[in-house]
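Novice: The lines below spell out each chain.
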Amino acid sequence: MKHLIDPTDLSKQELEEIIDLALDIIDNREKYSEKCKGKKLATLFYEPSTRTRLSFTAAMMELGGNVLGFSDAKNSSVSKGETCADTTKVINCFADIIAMRHFEEGAATVSAMNSRIPVINAGDGSHSHPTQTLTDLLTIKREIGRFDNITIGFCGDLKFGRTVHSLIKALSRYEGVKVVLIAPEQLRLPDYMKQEVCDMHGVPYKEVDTMEEVMGELDVLYMTRVQKERFFDEDEYDRVKDFFVLDAEKLKSARPEMRILHPLPRVNEISVDVDADPRAAYFRQVENGKFVRMALIVKLLEWANDPTKTTELVPKDAVRNKFICRNKRCISNMEVGVDSLFRPAHDHSGDYRCVYCESKPK
Amino acid sequence: MKHLIDPTDLSKQELEEIIDLALDIIDNREKYSEKCKGKKLATLFYEPSTRTRLSFTAAMMELGGNVLGFSDAKNSSVSKGETCADTTKVINCFADIIAMRHFEEGAATVSAMNSRIPVINAGDGSHSHPTQTLTDLLTIKREIGRFDNITIGFCGDLKFGRTVHSLIKALSRYEGVKVVLIAPEQLRLPDYMKQEVCDMHGVPYKEVDTMEEVMGELDVLYMTRVQKERFFDEDEYDRVKDFFVLDAEKLKSARPEMRILHPLPRVNEISVDVDADPRAAYFRQVENGKFVRMALIVKLLEWANDPTKTTELVPKDAVRNKFICRNKRCISNMEVGVDSLFRPAHDHSGDYRCVYCESKPK
Amino acid sequence: MKHLIDPTDLSKQELEEIIDLALDIIDNREKYSEKCKGKKLATLFYEPSTRTRLSFTAAMMELGGNVLGFSDAKNSSVSKGETCADTTKVINCFADIIAMRHFEEGAATVSAMNSRIPVINAGDGSHSHPTQTLTDLLTIKREIGRFDNITIGFCGDLKFGRTVHSLIKALSRYEGVKVVLIAPEQLRLPDYMKQEVCDMHGVPYKEVDTMEEVMGELDVLYMTRVQKERFFDEDEYDRVKDFFVLDAEKLKSARPEMRILHPLPRVNEISVDVDADPRAAYFRQVENGKFVRMALIVKLLEWANDPTKTTELVPKDAVRNKFICRNKRCISNMEVGVDSLFRPAHDHSGDYRCVYCESKPK
Chain G
258 MKHLIDPTDL
268 SKQELEEIID
278 LALDIIDNRE
288 KYSEKCKGKK
298 LATLFYEPST
308 RTRLSFTAAM
318 MELGGNVLGF
328 SDAKNSSVSK
338 GETCADTTKV
348 INCFADIIAM
358 RHFEEGAATV
368 SAMNSRIPVI
378 NAGDGSHSHP
388 TQTLTDLLTI
398 KREIGRFDNI
408 TIGFCGDLKF
418 GRTVHSLIKA
428 LSRYEGVKVV
438 LIAPEQLRLP
448 DYMKQEVCDM
458 HGVPYKEVDT
468 MEEVMGELDV
478 LYMTRVQKER
488 FFDEDEYDRV
498 KDFFVLDAEK
508 LKSARPEMRI
518 LHPLPRVNEI
528 SVDVDADPRA
538 AYFRQVENGK
548 FVRMALIVKL
558 LEWANDPTKT
568 TELVPKDAVR
578 NKFICRNKRC
588 ISNMEVGVDS
598 LFRPAHDHSG
608 DYRCVYCESK
618 PK
Chain D
258 MKHLIDPTDL
268 SKQELEEIID
278 LALDIIDNRE
288 KYSEKCKGKK
298 LATLFYEPST
308 RTRLSFTAAM
318 MELGGNVLGF
328 SDAKNSSVSK
338 GETCADTTKV
348 INCFADIIAM
358 RHFEEGAATV
368 SAMNSRIPVI
378 NAGDGSHSHP
388 TQTLTDLLTI
398 KREIGRFDNI
408 TIGFCGDLKF
418 GRTVHSLIKA
428 LSRYEGVKVV
438 LIAPEQLRLP
448 DYMKQEVCDM
458 HGVPYKEVDT
468 MEEVMGELDV
478 LYMTRVQKER
488 FFDEDEYDRV
498 KDFFVLDAEK
508 LKSARPEMRI
518 LHPLPRVNEI
528 SVDVDADPRA
538 AYFRQVENGK
548 FVRMALIVKL
558 LEWANDPTKT
568 TELVPKDAVR
578 NKFICRNKRC
588 ISNMEVGVDS
598 LFRPAHDHSG
608 DYRCVYCESK
618 PK
Chain C
258 MKHLIDPTDL
268 SKQELEEIID
278 LALDIIDNRE
288 KYSEKCKGKK
298 LATLFYEPST
308 RTRLSFTAAM
318 MELGGNVLGF
328 SDAKNSSVSK
338 GETCADTTKV
348 INCFADIIAM
358 RHFEEGAATV
368 SAMNSRIPVI
378 NAGDGSHSHP
388 TQTLTDLLTI
398 KREIGRFDNI
408 TIGFCGDLKF
418 GRTVHSLIKA
428 LSRYEGVKVV
438 LIAPEQLRLP
448 DYMKQEVCDM
458 HGVPYKEVDT
468 MEEVMGELDV
478 LYMTRVQKER
488 FFDEDEYDRV
498 KDFFVLDAEK
508 LKSARPEMRI
518 LHPLPRVNEI
528 SVDVDADPRA
538 AYFRQVENGK
548 FVRMALIVKL
558 LEWANDPTKT
568 TELVPKDAVR
578 NKFICRNKRC
588 ISNMEVGVDS
598 LFRPAHDHSG
608 DYRCVYCESK
618 PK
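Protein chains in written order, with my numbering: chain G, 258 to 619; chain D, 258 to 619; chain C, 258 to 619.
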């Protein structure tokens, strides 16, 4: 069974198959309008996320399928203490494919381990949100026309932003990609991203303090929010916050072909005076999110009947119940019956990483 | 683009087109059962209102369309602080038409200003609730057979009842309409309704203290609830409350063709011993609400492709960011990025009225 | 009109018709995929119950019908104080059949009394949950092949477990059924179940303290949860709790054809090491719940047009407004406008039982 828990579950070829299918769907809406007739998508949202939930819902409806589920754990059996594993087995009787959003990291992995139908991770805590990455990639494809030979600036919270990390990983598979990092000192890209991703894949990066100094170089500017709570020092926050707000003035030095992306919701990090600019692609990005989810649903349902398509949920070199994860929000620490699972880190350091959430052992 | 924010957005002719279509739908259910196949209605309910939400949902389903949305802001991105404007732009990617319920007055106006698809106001605070007015009108049409030459009594809270104000405005367009106002002193129809609506359109009205004294004259008795909280003086409430409760006894002097309407939910202002009386039309009114919403959805989707059909969201004589609205629940005071907008009052007094909520400036 | 409020509303023949239809649906999925096209099921869940709600939803979708409703009373008009009777009359305008879950006992009865469309009780407090009983029966039919000549063990909370009582009642209609009761002293099957059901229908039963001592005799082991809150004495709970937990070890003495049922959700009363055993039927039971609800919906919609099919909501020998129910959670004590209704107890003792909840008068 093929699931989508993390963007890396897809090979470069599989990912491009999904992108290509999304492009075909965009051009031939009618052709796909009954593609999933009689199929059901379960949207299991243990925390509210309207945009993601409605994107999946609209996607399945435009394929002629049905949608059932819950939009908040308070309205679900979770309040009666059912495990994620049991809920998955129950939902397997009601649906053909699952999209799960959970506040516990690794929840979608546990669900997939217990599922006879494909599971899509619609966000598990701050761990992974692969359909956002697919959305970003389809937007780059449609707006820029290619994945290789692009210079992409990431602005805002590069330390905690899971969408930033995932998109850098995904683009690191392509030639000629350059990354520009625009962040306050406190929110810089973590070292392991620089070393294990950029350096290992030969992706040049540079760090700058303001977007103005690099605006003219960029093909893509990927904006994220700088949250006050991330700062220990409020004065420091007040000092830097305006540096990471995009407005029409700052946009003047950008090239006409440059495109602005944002995973939304935005608060004030993009001024509304930018919205009418043709370079503002963030609302088009929302629609791309729907199209790429349509393509993903079609592909996963197709792959479910293909025994050669599998997701390796437990790596062959994983060790079971030997370590304890240091991440308190990891599902291995929160749900009974979930074995601890660790695999050797990819950097051959001898360290181990949690299979559910990629944290280190305690 | 044509929206429905306030009943006055529809001309008399457009309104009658919708009523006529509703009547045709009632007679030819099968003919419309796939009318909206492949279309999606977004029900964006920032506060719960089961009856209205399910009425829209049933309407769209009986047209063969799909429904997505949320039933409570707590389960939506609103908790993450997204503006109504941004949410509308996002939902534009997922649906073909929006029905919005909001606790902020003017929210549907802001949504319409940011929308490429039709927006229906499903109630914005105590400002407007136009599909209730359409429901009332279809019920009068079906039960009485005409809009002109009717005597209609309004009983209960005539001061704050938005459905009462809207229905009086709508009926004031017809000949021979007489209005009887049955309300406690504290909850009488506001002066501006008497002057700007009744007097200006030549609608005779009279105010009485009890329904018994006028029961025999009425073609329609429109009941609403008298809420205890509206009274400063609890003794006064206790003294008058029973005057505004309809029961089988009081109904004895009514004519056999008279009809009782109520927007529901009722608490105790209509005794259950009235329910079985053929003059009790309030549950039939619920079904009319579904039919008129079906007609409205069909018409707005049709008009969306007609460039001559527009809603003037910003009046030509409006002034921008000059005044501040005195209404704390007005969206211009609650959401960033919403310009203040005022237009001259229709009574040529030189006063201004808020474009979002019709309040005066501070 | 035929409703399903309590399993006893169905004759043995009607029940078998539903089971047989469920079996036909399982074998001929395609044949039923548009059986309810154009029909709408209203799921009115005054308290959350994800599994039951999604089972009904999936069932209606697999019949080609639509589903609308609410999943929690907080998001419904109930917060505005509308009665169950009025809500039912409103929903009659929007749907073709109702599934109602309510925390008040007798709520579905009141709904049915006010409904022109079939009402299915999806659980009313601790009173009745008939579709769980249908689910259990279909599972026994599919797993064991018959209803007669079976020995069924009930383990856990036999005092408060409504599913246990209902299933014993349903099976008591068949020949050769033997019941084994495995429960702590505090949670034994109530005397009236032993006398009015088992003894009256000639069903032999025995009470034991551990499942081990009877495991080899059983055709079916029906597990339920022993809740700590049911015990006055915590030490006593700690002493006995493990006796009522099923694990792989205890299962060793069971026959290969034995089957384990559980209404779910389970907490820890069935160890996860049992899940992979072919005798563990509880997740297959979930799917049976969907199939039997499909059959029930089809049958009730069919019977709605058959004047010979009725549910006797008010027994002919009932007395109105003479007694008051002693059950605080009975709808007759909680909702205005609901008459008190009592009927003579079936045991000819001269006692009376509440028509809504089967409690005694005060």
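Misleading hints may appear alongside valid ones.
Note that the list lumps identical chains together, so a pair holds whenever it fits in one copy or between two copies.
Said to hold, decoys possible - Straight-line Cα separation of at most 20 Å, DMTMM-like style, residue types lysine to aspartate or glutamate; simulated pairs: (1) K585 <-> D353; (2) K416 <-> E464; (3) K585 <-> D414; (4) K416 <-> D448; (5) K485 <-> E339; (6) K398 <-> D284; (7) K435 <-> E474; (8) K296 <-> E544; (9) K463 <-> D284; (10) K346 <-> D530; (11) K346 <-> E544; (12) K435 <-> D476; (13) K451 <-> E432; (14) K296 <-> D284; (15) K573 <-> E464; (16) K346 <-> D534; (17) K346 <-> E400; (18) K451 <-> D490; (19) K346 <-> D504; (20) K556 <-> E271; (21) K346 <-> E526.
These aren't lab readings, by the way, just hints derived from the structure by calculation.
Novice: Which hints, by number, does the structure contradict?
Specialist: Going through the list in order, the structure violates hints 1, 3, 9, 15, 18 and respects the others.
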